[in-house]
Amino acid sequence: MIKDNPREWSNLLLDTLWAYRTSKRDAIDCTPYELVYGHEVVLPVEVSVSTVRVDGQRHMTSEAYQEAMSIMNLDMEAKRAQALNSLIKQKKLTTESYNKRVRKKSFKVNDLVWKVRLSMGHKDHFYGKWTPQWEGPFRVIKVYSGNSYGLQDMNGDMTRNINSKFIKAYHPTVWEKYAQNIQKSFPEFWEYRQK
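In the working numbering, the protein residues as written are 822 to 1016.
Any given hint could turn out to be false.
[What the hints assert, rightly or not] Pair by pair, the computed Cβ-Cβ distance ranges are:
| # | residue 1 | residue 2 | range |
| --- | --- | --- | --- |
| 1 | 834 | 965 | 44 to 52 angstroms |
| 2 | 920 | 999 | 37 to 45 angstroms |
| 3 | 838 | 901 | 17 to 25 angstroms |
What the hints contain is simulated information worked out from the structure, not anything from laboratory work. Keep in mind the model is a prediction, meaning the values are calculated, not measured. Glycine included, each C-beta is placed from N, C-alpha and C at the ideal position.
Taking the hints into account, I'd like the entire structure generated from these sequences.
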């Protein structure tokens, strides 16, 4: 509808809201209109075609119609409570589903971690798409509440506190392992390299 004429979206808004409010929602097991007014909406088509529901209401007296509406209003509170329970149940299922995929990260003091480079979109001209996304290693020096950590780089400089979603456990790279093996195997070569 809007793709054809995007500037006319404001004219279609009322029709879109009407369609949304009068269509059944799985979460509440009824229409939003029904929760507000206590009965299903009477569509204009039902009036022009003269459906059974509309014909039944036409032949009612005003007292009988008011009595039927008051009975519907008594049932409305129960329907609203049922819709609320359905929403709570669905939210609980969504939370459980989400939490299955979330892995809790926790670190102790003196653990080595990688820290995300906070300029995630930035790419080094030299490395291009191979620009490292993580930097480190850093040492955890303090654990704060709210899953936050105080870090210190290997030179002893402090960094600002950072949330655990921006750090991950440090595992030495292949090159670092290779350098460690050379250092252990040939200590005199390593001392010469350091000079």
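Structure versus earlier hints - violations, ascending order: none
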